[in-house]
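Undergrad: Given next are the chains, with one letter for each unit.
Number of protein chains: 2
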Amino acid sequence: MIAVLAGGVGAARFLRGAVRLDAPVTAIVNTADDTVLHGLHISPDLDTVTYTVAGAIDPERGWGLANETWNAMEALARFEPVTPANSSAAPRWFNLGDRDLATHFYRTARLREGATLSEVSTEITQAWGVPCKIVPMSDDEVRTLVTLAEDCVAGKSGDEISFQEYFVKYRHDVRVASVRFAGSESAKPTFLQILRDAHKVIIAPSNPIVSIGPLRALAGVNDALASRRNDVVAISPIVGGKALKGPADRLMVELGMEPTVVGIARIYRDVCATLVIDEQDAHLADQVEELGMTCVVTDTIMSSPEVTERLAVTCGVLR
Amino acid sequence: MIAVLAGGVGAARFLRGAVRLDAPVTAIVNTADDTVLHGLHISPDLDTVTYTVAGAIDPERGWGLANETWNAMEALARFEPVTPANSSAAPRWFNLGDRDLATHFYRTARLREGATLSEVSTEITQAWGVPCKIVPMSDDEVRTLVTLAEDCVAGKSGDEISFQEYFVKYRHDVRVASVRFAGSESAKPTFLQILRDAHKVIIAPSNPIVSIGPLRALAGVNDALASRRNDVVAISPIVGGKALKGPADRLMVELGMEPTVVGIARIYRDVCATLVIDEQDAHLADQVEELGMTCVVTDTIMSSPEVTERLAVTCGVLR
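The listed protein sequences derive, respectively, from chains Z and F. Following my numbering, the numbering of the first sequence begins with 1 at its first residue and continues without gaps. Following my numbering, the numbering of the second sequence begins with 1 at its first residue and continues without gaps.
The set of hints was computed from the structure by calculation and includes no laboratory data. C-beta atoms are modelled at their ideal positions from N, C-alpha and C, and glycine is treated no differently. Treat each hint with caution, since some may be false.
Stated by the list, open to error - Covered, in the sense of this in silico footprint (three residues per stretch, anywhere, with C-beta under 8 Å from a C-beta of chain Z), are these stretches of chain F:
1) 102-115
2) 118-128
3) 212-222
Let's have the full structure, built from the sequences with the hints guiding it.
TA: And the structure:
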């Protein structure tokens with residue numbers, strides 16, 4: 001069994017490639033950007049991974065279902081004029097497709113019945129015919145909270161906001177002062193035994209701060225990874241100094257890190273022996289190796305199923 | 001101001017007629033058949049009244065919005081095979097249209113923020129441009145619970161089930177042993193002052209047991225009605241021994257009452273001086289009057305806007 005530590009889109013694409021190769025992967029998915037909207041429990045990363053591996057994701061957006069309709073969200077517009085000024089009810093900045101809603105209905109209803117998020121996730125992946133295990137990082141609540149930098153957005157500077165506000169409402173186009181994972185001290189990780197049993201552990205090309213960071217913040221995870229260090233491989237989400245998707249590069253700069261594969265190596269060196277970087281960054285391989293990691297240079301931009309599968313093979317999903 | 005005690009479809013049609021006449025009506029609506037499904041707070045009677053008065057109701061079904069789509073509910077089918085046997089999560093027997101969902105999203109989100117159901121209902125009616133006040137009977141939870149008769153449905157005989165299970169899941173096609181309104185002892189009615197201030201109180205042609213019953217079960221309501229008895233008018237929901245819609249006639253039989261306008265008179269005589277019955281029941285007018293009520297005979301079947309408006313005028317919505 002191969003454990004893959006996963007965030008959203010990048011991890012999902014990698015996992016789809018691995019699953020196409022019939023690799024025995026178990027995805028451990030970030031749930032710190034879960035949120036409750038309209039009373040519904042939304043798990044963006046779990047759903048992105050599930051829908052992508054199932055081949056049901058909208059390939060343009062990278063989230064939500066293909067051939068989706070948006071009638072519920074559009075109907076919500078009617079309530080905007082009557083919403084009190086101090087209310088944040090029924091926001092329209094977080095879009096939920098009509099068919100996607102069924103997933104949130106099922107998850108919310110099962111959680112209310114007392115099922116764990118792990119149990120519900122197993123049921124949802126079965127419903128979608130996903131041929132790999134998808135495990136939420138914890139059954140307990142952990143929430144990524146983002147403190148905005150001073151003077152970064154009118155009326156919000158210095159405020160601590162939820163990850164989804166940062167990511168979706170402000171389109172991660174605001175400067176960040178700090179990030180924390182509320183609840184991570186007491187939340188129990190679901191996957192310590194998986195890390196022990198796994199043949200190999202792959203850190204997917206996800207945001208190292210807000211996607212992989214929450215997994216590593218859980219008690220015992222860094223130690224478990226460190227004890228398997230030689231079997232842990234990370235794929236850099238930074239290529240040519242930029243994140244392929246999302247704010248990883250900017251977040252790294254704002255939090256005082258170097259937004260390069262060398263910066264990624266510094267984040268992962270204690271828990272990971274091998275870093276896979278893109279050919280564009282081949283000139284930085286020596287610097288990565290000087291930090292005590294093996295550096296593998298290959299094509300990491302998952303622009304086609306073939307490239308993705310080759311990347312998965314390079315990372316050792318088959319052996 | 002005219003107060004109208006209201007359940008679902010029958011009351012909604014009556015109110016629409018009254019509003020078309022510019023009558024100053026305030027609807028007091030049953031909330032004991034409210035339910036939580038998929039984490040969403042559903043208020044069927046409030047929504048039926050709101051959508052009907054707004055002219056947005058589906059006229060065929062009598063509930064939900066016209067020109068509705070059902071993509072979320074259809075997508076829920078995927079989860080049926082994976083739902084554990086002991087789970088009642090994500091039921092498909094209660095249909096929710098995509099555009100209708102926005103109302104439940106807004107209500108649920110506002111209630112979670114601490115708004116009262118009254119406040120939210122006012123906002124929702126404003127959003128729909130409804131030109132009359134629609135007031136939930138209480139901001140506190142009251143739930144109609146139905147105990148099934150013995151041997152009435154496989155595996156459920158003698159069980160106490162929720163109103164929506166009785167009404168929607170079993171299509172009220174099961175025999176009932178008793179009905180109670182859990183929470184009604186402690187729930188505070190919102191409308192005692194309205195009953196005092198109203199020019200006239202009209203009991204809409206709604207189910208006297210499960211629609212008007214919950215309002216009357218709240219502390220002080222029967223006394224408040226009795227003290228205004230001469231100004232209270234009820235419209236019989238029973239015509240020719242049958243309910244025009246729903247199970248009122250069968251429920252009356254099952255609970256030992258006579259399913260006629262005379263049976264209705266017995267239910268309302270203590271709180272209501274005038275009963276409006278249909279021409280089909282003219283031969284029973286004497287029996288109604290013998291019970292101490294004034295009996296008005298007219299066309300009560302609201303088959304057209306004209307008939308509905310005439311009925312509203314007969315009940316005294318204008319004066």
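Undergrad: Hint compliance check: list the failing hint numbers for this structure, sorted ascending.
TA: 3
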